[in-house]
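S.K.: The numbering of the sequence shown is this note's numbering, which starts it at 1 and goes up by one.
No lab work stands behind these hints: they were computed from the structure. Honestly, I wouldn't trust all of these hints.
For each label pair, taking beta carbons as the anchor points, the in silico distance ranges come out as [said to hold, decoys possible]:
no. : residue 1 : residue 2 : range
1   : Lys635    : Asp578    : 21 to 27 Å
2   : Asn575    : Ser315    : 54 to 60 Å
3   : Arg654    : Ser518    : 34 to 40 Å
4   : Gln433    : Asp251    : 56 to 62 Å
5   : Tyr558    : Lys635    : 15 to 21 Å
6   : Ala376    : Ala68     : 51 to 57 Å
7   : Glu96     : Leu382    : 19 to 25 Å
8   : Gln727    : Arg654    : 41 to 47 Å
9   : Asn575    : Thr261    : 50 to 56 Å
10  : Ala538    : Asp578    : 26 to 32 Å
11  : Glu148    : Ala538    : 27 to 33 Å
12  : Ala478    : Ser642    : 46 to 52 Å
Quick caveat, the model's predicted, so the values are computed rather than measured. All residues carry an ideal CB built from backbone N, CA and C; glycine is no exception.
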Amino acid sequence: MQEDDIQQDNALEIGVVNPEAVIINDDDGGVVIDFTPMSAEPQVGFNANLAEHMDESELSLLSSDLIAAYDEDRASRAEWEEAYIDGLDLLGVKVEDRTTPFDGATGVSHPILSEAVIRFVSQAMMEIFPPNGPVRTTVVGNTTKEREEQARRVQDYMNYLLTEEIEEYRPSTEQLLFKTALAGSGFRKVYYDQQHNRPDSIFVPAEDFVVSYETTDIKSSPRYTHVMRKSDNFVRRMQLNEFYRDVDIGDPSDEGSDIQTKYNELTGVTEVSETDVRTLLEMHVELDLAGFEHTSKDGEATGLSLPYVVTIDHSSGTILSIRRNYEEGDPLNEPFQHFVHYKFQPGLGFYGFGLIHLIGSIAKSSTSILRQLIDAGTLANLPAGFKARGLRIKGDDRPIEPGEFRDIDLPGGAIRDNILPLPFKEPSPTLAQLMGVLVDEGRRIASIADMNIGEGNQEAPVGTTIALIERSMKVMSAVHARLHNSLRREFKLLSSIIKESMPEYPYEVGEDPLIARSDFDDRVDIIPVSDPNATSFAQRIMQQQAAMQTASQAPQLYDLRKLHRAFLSTVGIENISDIIPDPTEVPAFDPVSENARAMSGAPIKVFSYQDHDSHIAAHTSLMQDPSLQQNPMAKQIQAIISAHISEHMAHKYRNEAQELIGADLPELGNEEAGLSEQEEMNISAQAAQAAAEITGKAQQQAVLEQQMQAAKDPVVQMQQAELQIEQAKIQQKAAEAQQDAQVELQKANMRTQLERERLQQQREIAAAKIQADLVKKGR
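Based on the sequences and whatever the hints tell you, model everything.
M.R.: This is how it looks when you write it as structure tokens:
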């Protein structure tokens, strides 16, 4: 027992740092401690290619499931593809060589469909992509000079990016509009281009964007696929950049789609058997991947599918990349939106209706009638018929030339008995009229009918003309509104990518900042330059004319300077600031210089620190100058000077009130320099008292000035002298009256005194008499 106690006391305590490094040998029960265990498997980064960390068997199974889902989605829109392919023939791009009803029959197509598409693209392109760029910005909330400069920087950078850096953006926009008008749908993919190291927005045609036809919109779709056709060199570059897995995917063996085959047929392109272009399926799907499951707060797998982007080589079925498609730390795991849907007209499903769907049948019928009319005219001009078998015409293998008489051999009888022409009729007027009706209906539906506004009343009000234009452009206005909305979402996605990818200082420190990441914040709203309320130049001109006409009736209610600047901007006049200078940029001048600038038409401005009394006096003198009346622009100059004097009076009033109150008041003309509710309550009582005091002083000053002015007038002086004489007479009469009153008062006092004395004597006599009677009775 003692030895055991000693052994226990001397036992060594070994702390195992890494329990996984301890290995128990089952054979002899011994313990082997590995002091250099293998390090734990590194954690997969959030933005990593998850396919690099999955087994090939799992990737193969996942690829089979996703390709099968893609094939189902393609099959669900098979009828849409067939209708689109059939409609492409109606463009009339390729001339048909027809042998029915006769060899050499016309193969012309009626251009109503191509006309509608070309007109739409031309009009829409000028609206959404003017020469200066498609982007404009507005300040959200209160407008300050700092925010206006920020909005200008963002607008200039976005337009520079889309017109200079992304040189293919404008051509792809035209292609987007063309395909959208035809097919009814077109898409933009907004992303950061690793190859060119810049944000990008590319056009994706509807045939390369596959969703289940039951899907209503991109955001709610659980699966959609971007079909990309890329070269082997592109795939290899992405593998070297570690964006795709560096695996062997073999040679491409995909055949082009039916729609691409139709494009090649119409454009005269011949498909080659060997090509290095392969089809990649970029699928945006929701998956529950083993090893990357969504977990609860307790760390348990929830079975919830998360959004991923999976890129698959279609020919080999190899998965090249799997990447998360949501923001790290987002509790809702909302998927990133990279695609914007452009629709021509809403359809019955996910894809919209284009001109092929709207006027395709009309274009087909118009083409059929047009061909019948041309063929009928051909047969009428070159008649055919029957001839006798024995009739022989020398050189009958060539047509008869004008003025030629050709020899013939008759078997017998007259020529007319051996030749019988068929009775071909001239082209039917009924068919021509019917075709005109169809074409008019098609143009009306496509909103490409010519507006005969000039044939109406030339003296009609502007509002009536605007109503006529809007009525004829109603359908196209709705289309432009949808384009505007989609373009706004595209710019919003593009600005968010710019904000994430742009360095904090894309310019040299110390230089003027052209653009910064902080500029792309919620204070600036990036919107298209197009106006959904006016889809044509004529509409905008009419609206501006209506505003100018209304302003002329009550000019005091309008800022005419802004109204004229807006009108010049609408008509496309450049350098508007040189034509109508900005009054906020005018420096301060002395009163005489201001008078000279007003007479020459230059802008003038009032500043708070100026001597307003001196300015008002100088400007008033100019208004009273007789030579000013000889100026042809006298009325305009007087209006400018009058408004300028009023502004001086307003600044003077504000300065006096501010001095009496003892607190700073908001600057005039600064709409943002307002007062808070508490400040307004504190100042209002003092302001009212100051206003009353200022008004009182002004009234006293006005009376004093009136008196001083009147004192200098001779007539007034004579009137004042006469008034003084009259006042002296009145005073003399008053004095005489006062003297008479005093005499009368003295007389009255004397009469009163005499009457008192008489009454006193009577009382004394009566008392003496009574006393005498008492004495007599006492006896």
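S.K.: Now tell me, hint by hint, if it's right for this structure.
M.R.: Outcome of the hint check:
Judged by the Cβ atoms, the range 21 to 27 Å given for Lys635 and Asp578 holds: they are separated by roughly 25 Å. The hinted range of 54 to 60 Å is satisfied by Asn575 and Ser315, whose Cβ atoms lie roughly 58 Å apart. About 36 Å separates the C-beta atoms of Arg654 and Ser518, a value consistent with the hinted range of 34 to 40 Å. For the hinted restraint 56 to 62 Å between Gln433 and Asp251, the CB-CB distance of approximately 59 Å keeps it satisfied.
At roughly 19 Å, the beta-carbon separation of Tyr558 and Lys635 lies within the given 15 to 21 Å, and the hint holds. One distance hint, 51 to 57 Å for the beta-carbon pair Ala376 and Ala68, holds here, with the actual separation near 54 Å. Checked against the hint of 19 to 25 Å, the C-beta distance between Glu96 and Leu382 comes to roughly 20 Å, which is consistent with it. A C-beta distance of roughly 45 Å is found between Gln727 and Arg654, which places it inside the suggested range of 41 to 47 Å.
For the pair Asn575 and Thr261, the supplied restraint of 50 to 56 Å holds, since their beta-carbon distance comes to about 52 Å. Between Ala538 and Asp578 the C-beta distance comes to about 27 Å, which sits within the given range of 26 to 32 Å. The hint said 27 to 33 Å for the Cβ distance between Glu148 and Ala538, and at roughly 31 Å that hint holds. About 48 Å separates the C-beta atoms of Ala478 and Ser642, a value consistent with the hinted range of 46 to 52 Å.
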